[in-house]
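Given the coordinates of chain Y, work out where chain A should sit on it, guided by the hints.
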Amino acid sequence: MNNGETNTHERRVVDAYRAASDALDEQPSAQARATILAAAARAVEAQPADAATGATSKRQAVRPRARMSPIAPSKRPLALVASFLVATVALVIATQTDEQRETNPSALVASKPPAPAAGAPVATAENAPMADADMAAKREALGPTTSLPTPGVAAVDKVDTMRQVDARPLRKQVQPAAPAAARPAAPQVERPAVRSERALADASEPKPAEGGRAASTSVAVTPPPSPAASGVLAAVPPPLASSEERAKENANQLAAAAPRADRRALAETDAAVPGKLAKARPVERTAAIAEGVVEVENDPARWMDRIIALRDAGRDEDADRELARLRERYADFKIPPNALRRTGTR
Amino acid sequence: MGETVAVAPPGAAIIPRVDGSSSDEALMAAYQGGDARSFAMLFERYERPVFRFLRRSLSDAAAADDLLQEVWLAVVRNAAGYVPRAKFTTWLFTIARSKLIDHWRAATPMVSLDEEAANDPDEALLDGIAAAASVQPEMQAMSRAQARAFVAAVEALPAVQREAFLLHAEGDMTVEEVAQATGVGFETAKSRLRYAFGKLRTAMEVWQ
Numbered sequence: 000m001n002n003g004e005t006n007t008h009e010r011r012v013v014d015a016y017r018a019a020s021d022a023l024d025e026q027p028s029a030q031a032r033a034t035i036l037a038a039a040a041r042a043v044e045a046q047p048a049d050a051a052t053g054a055t056s057k058r059q060a061v062r063p064r065a066r067m068s069p070i071a072p073s074k075r076p077l078a079l080v081a082s083f084l085v086a087t088v089a090l091v092i093a094t095q096t097d098e099q100r101e102t103n104p105s106a107l108v109a110s111k112p113p114a115p116a117a118g119a120p121v122a123t124a125e126n127a128p129m130a131d132a133d134m135a136a137k138r139e140a141l142g143p144t145t146s147l148p149t150p151g152v153a154a155v156d157k158v159d160t161m162r163q164v165d166a167r168p169l170r171k172q173v174q175p176a177a178p179a180a181a182r183p184a185a186p187q188v189e190r191p192a193v194r195s196e197r198a199l200a201d202a203s204e205p206k207p208a209e210g211g212r213a214a215s216t217s218v219a220v221t222p223p224p225s226p227a228a229s230g231v232l233a234a235v236p237p238p239l240a241s242s243e244e245r246a247k248e249n250a251n252q253l254a255a256a257a258p259r260a261d262r263r264a265l266a267e268t269d270a271a272v273p274g275k276l277a278k279a280r281p282v283e284r285t286a287a288i289a290e291g292v293v294e295v296e297n298d299p300a301r302w303m304d305r306i307i308a309l310r311d312a313g314r315d316e317d318a319d320r321e322l323a324r325l326r327e328r329y330a331d332f333k334i335p336p337n338a339l340r341r342t343g344t345r
Numbered sequence: 000m001g002e003t004v005a006v007a008p009p010g011a012a013i014i015p016r017v018d019g020s021s022s023d024e025a026l027m028a029a030y031q032g033g034d035a036r037s038f039a040m041l042f043e044r045y046e047r048p049v050f051r052f053l054r055r056s057l058s059d060a061a062a063a064d065d066l067l068q069e070v071w072l073a074v075v076r077n078a079a080g081y082v083p084r085a086k087f088t089t090w091l092f093t094i095a096r097s098k099l100i101d102h103w104r105a106a107t108p109m110v111s112l113d114e115e116a117a118n119d120p121d122e123a124l125l126d127g128i129a130a131a132a133s134v135q136p137e138m139q140a141m142s143r144a145q146a147r148a149f150v151a152a153v154e155a156l157p158a159v160q161r162e163a164f165l166l167h168a169e170g171d172m173t174v175e176e177v178a179q180a181t182g183v184g185f186e187t188a189k190s191r192l193r194y195a196f197g198k199l200r201t202a203m204e205v206w207q
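Read top to bottom, the protein sequences are chains Y and A. Residue 0 is where the first sequence starts when you use numbering that gives the first Met the number 0, and the numbers rise one by one after that. Residue 0 is where the second sequence starts when you use numbering that gives the first Met the number 0, and the numbers rise one by one after that.
Just chain Y, with the same shape it has in the complex:
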């Protein structure tokens, strides 16, 4: 016998033994057999069954799941903690992004060049998140500001705004060459601070521009009666006729994008509300915006500024409507010429 190998003689002995055992036909009693088999069956039935799998063996119920899971059981708590941390970081980043949307626009506004003609109040809608409608609004807002008719300027500024960096160098580069005397109103960029279906309002109080000029040409957005005007914005009148056309076109684009920009506009409006208001609940903020609209309409000069802004933005119908309302309310208010619809002869 070498390493378990039996030679012929040993094999013969084993075969003889097995033959003898078979000849004797020795077997356990039937009672013993029945007892053993019954005990085995009872043991299987007594094992706790898995409610989900129906498995009666704990080992078999656990092992397949362990095989299917890509994470070892010993590492599952670690994976759980890691998932929680990732979720927490994502939440913090999202919160910070929202805060930046509220805080950065002021920096962006501060970086704007001073109004050449008047220190128009700067609408805080500049801090709007960048959606398609916002981009269109940005282009519109840039139209009067820039004397460059090429779309590249808007694109550059769009990227600029999206990155939310100081836009001053670029603004200087695209500074309008038009003289300040060309128009009484400052070519101040104004972004939409709008609430779509309810009221379009200049949600923020007029702020003096960097130039420190009075807010005589402050631009505001009034609530348009038509839904198409919900995405309205105010823009500074461009010095050139082509700018007017472009502003008109941009206004139309904005109107088309109004439903989509609805929520954006709400965010812009919310962001425009300073201080505690920004942290207020939406209902409270809406009420505050309505108050701002009423406040603007209580001041005919500010109302007129808003009408002029609408006019400059090419939204003559809205401007006319607002003008009619103003005339009804303030019949003796002197209407400046630039608030009237341009006839082309001027």
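Treat the hints as calculated values from the structure; they're not laboratory data. Check the hints yourself; a few may be wrong.
[What the hints assert, rightly or not] Sample of chain A residues facing chain Y (criterion: CB under 7 Å; computed from the structure):
1. Met40
2. Arg44
3. Arg47
4. Phe50
5. Ala146
6. Ala168
7. Arg200
[To be verified] Output of the computed footprint for chain Y on chain A, the stretches with three or more beta carbons under 8 Å from beta carbons of chain Y:
8. 20 to 27
9. 149 to 163
Fair warning: this is a prediction, and the values are worked out from it, not measured in the lab. All residues carry an ideal CB built from backbone N, CA and C; glycine is no exception.
Just chain A, lined up with the frame of chain Y:
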């Protein structure tokens, strides 16, 4: 050996599908998964070898029956902890051997020690029992028939040799497995088997 794995729905326990040709280990795995038929197949395969292993080591058939039940009930109790690191037969006959030794310890307070088993209480126990059994009258009576004579020759072997031989013949174990089951070295197991075969060949020559 031919066992396949049943396709189970996701999350369900995977129980090997077994049949009569499945390996012992697959049958045990199926029994662990709750398949009582698998245990019945295993029992069918090894009930007689285990019984004969016990019966050759005991003079009492009823005691062999009782021990057989204890062995298989131990298999049932320990089935959940069975890990197929070795052959199922090695595990099974190791349990049978343990039960046998427990039985002898309970039934025989005094055993004789030989030189070989001087340092091994189990071997001393086995050899003492074997010496007592070989001289029993009924064993002499059974030697009249050829088969019974040969079986008697097996039973007459020294316990450690008989144990090694029975594990080899009934459990189909190799020398290594016999050594593993009995807890001795390879050379020791090999030596015991060689002695056992030598004595049995002599017995065969007598009655042939």
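Go through the numbered hints given earlier and state which of them the structure violates, listing their numbers in rising order. Failing hints, ascending: 1, 2 and 8.
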